[in-house]
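I would like the entire structure built from these sequences, with the hints used as guidance.
Listed in order, the protein sequences are those of chains A and B. Position one of the first sequence corresponds to residue 32 (this note's numbering), numbered consecutively onward. Position one of the second sequence corresponds to residue 514 (this note's numbering), numbered consecutively onward.
For the record, the hints were derived by calculation from the structure and aren't laboratory data. Keep in mind it's a predicted model, so treat the numbers as computed, not measured. It is possible that part of the hints are untrue.
Just the calculated beta-carbon pair ranges, DEER-fashion [as the list claims (entries may be wrong)]:
1. B:PRO690 / A:ASN173: 53 to 59 Å
2. A:SER148 / B:SER685: 48 to 54 Å
3. B:ILE802 / A:LEU194: 33 to 39 Å
4. B:GLN809 / A:MET45: 54 to 60 Å
5. B:GLN809 / A:LYS155: 30 to 36 Å
6. A:LEU69 / B:LEU769: 32 to 38 Å
7. B:ALA707 / A:ARG153: 39 to 45 Å
8. B:GLY839 / A:LYS155: 28 to 34 Å
Each residue gets a CB set at the ideal place from its N, CA and C atoms; glycine is no exception.
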Amino acid sequence: MLYDTAKVLLFSAMTVISVGSVIALLMGGASAPLAEWLLVFRIVGLVFVGIGVALLLVMLIFFGNRFPVRITLEPRGVRWEARSRRGKWANRTAIVAGLLTAKPGLMGAGLLAETRSTEGMRWKDIRRVRFHPQLCVISLMNSWRVVLRLHCPPTLYHQVCILIRTAAPHARLEGVVA
Amino acid sequence: MRELLRRVLLTAGFLAAAWYFWYTPATIIGARVLDLEGEYQARVARRYVTPQSNAPAKPAGSSFVRNHSNPGSPQRYRQHVLESRPLPHELSLPASWVKSLQDAAMGNGPFVGRRHRNLVYFSADEAPLEAVASPLRKSLGLTGFVNAYMTVGTHDLEFLIFPEPRSSDAPSAVMYPQRALAIPWALGALALYALLGWPARKDVRYDPVPVAVLDVVAAGGAAFLWALPLRLAPSTAAAIGDPIGGPVWFWTIALLPVLALLSLARREAYGIVVTPEALRFRSLFRTRIIPFTDIQAAATETPDAIQSTITLQLRSGEKLRLPWAGMQGLLSLVDTLRRYGLLHAGPFSTS
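Structure representation (structure tokens):
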């Protein structure tokens, strides 16, 4: 989870810097001294470090370092459902608060989170499967990114591995296959 | 115990780094070599020149002040300034020190790194200025002015005292003289933390990477809260001198990340070693060995509908719950329990 969060923050920071740099160059910023460019990069970096620390605190304090999910392996694919009552409560509070305070950003954040509380992936869309037996985690990937990570109970890990290999025989397997 | 020691060293190192990073002297003194006669010609004399143009007549009052405050000559101006707030005549400063001060104004010499604008800054306890500091403080107390003057040889010097160093423009080499020690302390703490954490054999353990990240964040948070009053106070001595006014509150809140570190130590210390004969459970302060012959059965349970565990039922009647979330290496434990025929079908099993 920490690795995925760090990856998202890093890519977001790089996107912000890239887009900002392109805009600055188009507006004649090429002649600005290097120190000014580095200052902007440093500010963006500090902002994202702050966001990362805030996310960490939310994960630890609000969610108590726990986030229950239900993962269902069905004939059509894999379904992931968030089961955290705190998470649901927070989403709905954000939607209502956004409505009452006329803050579309807040409402939008709550709606987005609510739509992401259930996700799925069809077996035929799985391109790569990476096994992490030490952690009992299986990563399901499309052509370019990890879509779902299945955190398996250790007593079921072997069975889930076999099930996935059977349901997605076309997928490339990586890591130690149990 | 080793896990506690690692975190104590990490936190102590970060706190020391924060101390050295934000340490400021109690008082800072700025000094410069004056050219009072040149200053008179450049700035002061112009004020007393009668306007030649047909500009409207200035009010009589300002004309009166101008006429009666005109020093008249550069020499008299110099005398007037030096006698306004003189430092004791018995004070002396080495000629070489004064020469270095003069060179700094030209951008040369050993004091050039201490210069900002037209002042060269020193800590009040540095030689040879510690002799000047006390009379300066006295002058400030008597006159309310932060500056005073003295003559050394043919050079006129001006000294400014900053009892609140952060109100000055002193460069960081003077404002934070021990800052260079901060990074070695922080890196040394991280190195000790990493070296002492060289893992002992544990087949089943919590993932060490998130624990390490949280350790560094918690220690960094404790250092941040520890350093905040040092940064906000006018100087380090001022912060320590008024503990109830600020530091005690921040330092009390800094205990929260320290408590988090204790919890992380407990988490990191926990582990299970699977041997052919027994399971060895390691915790922060003790090790417990449970032979397989003492285990009656094992099954998966979900006691609170959220977190599932592997539960060991011992022949003594005791139940040991092993939460599996966040742990790694559990497959070796599960496979061993299955091999001994101890793992029974639980609510998740499809067999």
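Does the hinted range 30 to 36 Å hold for GLN809 (chain B) and LYS155 (chain A) at CB?
Violated - the Cβ-Cβ distance for GLN809 (chain B) and LYS155 (chain A), about 46 Å, lies outside 30 to 36 Å.
Does the Cβ distance between PRO690 (chain B) and ASN173 (chain A) fall inside 53 to 59 Å?
holds, 56 Å
May I ask you to test the hint 48 to 54 Å on the CB atoms belonging to SER148 (chain A) and SER685 (chain B)?
holds, 50 Å
Pairwise beta carbon distance, GLY839 (chain B) to LYS155 (chain A), judged against the given window 28 to 34 Å:
holds, 32 Å
Given the hint of 54 to 60 Å, is the C-beta distance from GLN809 (chain B) to MET45 (chain A) inside that range or not?
holds, 55 Å
Given the hint of 39 to 45 Å, is the C-beta distance from ALA707 (chain B) to ARG153 (chain A) inside that range or not?
Because 44 Å falls inside the window, the suggested range holds.
Whether the CB-CB distance between ILE802 (chain B) and LEU194 (chain A) falls inside 33 to 39 Å:
At 37 Å between Cβs, range holds.
That 32 to 38 Å hint for LEU69 (chain A) and LEU769 (chain B) (C-beta), does it hold up?
The hint (32 to 38 Å, Cβ to Cβ) holds, given that LEU69 (chain A) and LEU769 (chain B) are roughly 34 Å apart.
Checked against the numbered hints given earlier, the structure breaks only hint 5 and satisfies all the rest.
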